[in-house]
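Use the sequences and the hints to build the structure in full.
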Amino acid sequence: SQQGEEDPQALSIQEGENATMNCSYKTSINNLQWYRQNSGRGLVHLILIRSNEREKHSGRLRVTLDTSKKSSSLLITASRAADTASYFCATETTSGTYKYIFGTGTRLKVLA
Amino acid sequence: SQTIHQWPATLVQPVGSPLSLECTVEGTSNPNLYWYRQAAGRGLQLLFYSVGIGQISSEVPQNLSASRPQDRQFILSSKKLLLSDSGFYLCAWADSYEQYFGPGTRLTVT
Chain A
1 SQQGEEDPQA
11 LSIQEGENAT
21 MNCSYKTSIN
31 NLQWYRQNSG
41 RGLVHLILIR
51 SNEREKHSGR
61 LRVTLDTSKK
71 SSSLLITASR
81 AADTASYFCA
91 TETTSGTYKY
101 IFGTGTRLKV
111 LA
Chain B
1001 SQTIHQWPAT
1011 LVQPVGSPLS
1021 LECTVEGTSN
1031 PNLYWYRQAA
1041 GRGLQLLFYS
1051 VGIGQISSEV
1061 PQNLSASRPQ
1071 DRQFILSSKK
1081 LLLSDSGFYL
1091 CAWADSYEQY
1101 FGPGTRLTVT
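Protein chains in written order, with the numbering used here: chain A, 1 to 112; chain B, 1001 to 1110.
Since the hints were made in silico from the structure, they are not lab data.
Keep in mind that the hints are not guaranteed to be accurate.
What the hints assert, rightly or not - Rough simulated footprint, nothing fancy, chain B against chain A, three-plus residues with beta-carbon under 8 angstroms:
hint, region
1, 43-49
2, 54-63
What the hints assert, rightly or not - One-sided and incomplete, this derived list gives chain A residues near chain B with beta-carbon spacing under 7 angstroms:
hint, residue
3, S68
4, K69
5, Y98
All C-beta atoms, glycine included, are put in the ideal place defined by N, C-alpha and C.
Below you can see the structure in the form of structure tokens.
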């Protein structure tokens, strides 16, 4: 079964707007990562946040982590048409096995 | 720099036929290797992962098997494909926390 579930499943916004995606997970984690997948392609790593961190930034990306609620959010600011893709969260459990469980993904469409 | 290769890119196979998908990594040594399957419009399902040669962990009991005959080679196999084996298969490697994905193989079982 999937550890993480993203919300919403699909999101459509206008270029220039901000996009927020949420991820909820079930068990304790070492870290949480966000990946991006363009249609029919492999995934690309975006950002990692460790369990002892609450917020992290990378360019137009902002990730928050609330371990008490077992949830994370990914904010993309000033979205561009090129941001159109599916976004997945992935969690590594505290076992430290480098085994990752991916969520179900949010399909983002940015309209020009 | 590191590179991950996966082939073939697409594959159409009849039910009951065997399968062999290959993944190789260049530019790193002793990586963790992963096989995932993605159904259309869905998330990734972890199938197998390996932390070293000959070490395979299976996550989902099914019609597939994996082998790691060399440090940077990971093979996904099946003796007899089922219709439910159709999907997008992704290989990935990691040397720490970040995973690097290959381009994927789209398998259609007919």
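Tested hints:
| no. | hint | verdict |
| --- | --- | --- |
| 1 | 43-49 | holds (count 4) |
| 2 | 54-63 | violated (count 0) |
| 3 | S68 | violated, 22 angstroms |
| 4 | K69 | violated, 21 angstroms |
| 5 | Y98 | holds, 5 angstroms |
When the structure is compared with the earlier hints, violations turn up for hints 2, 3, 4 and for no others.
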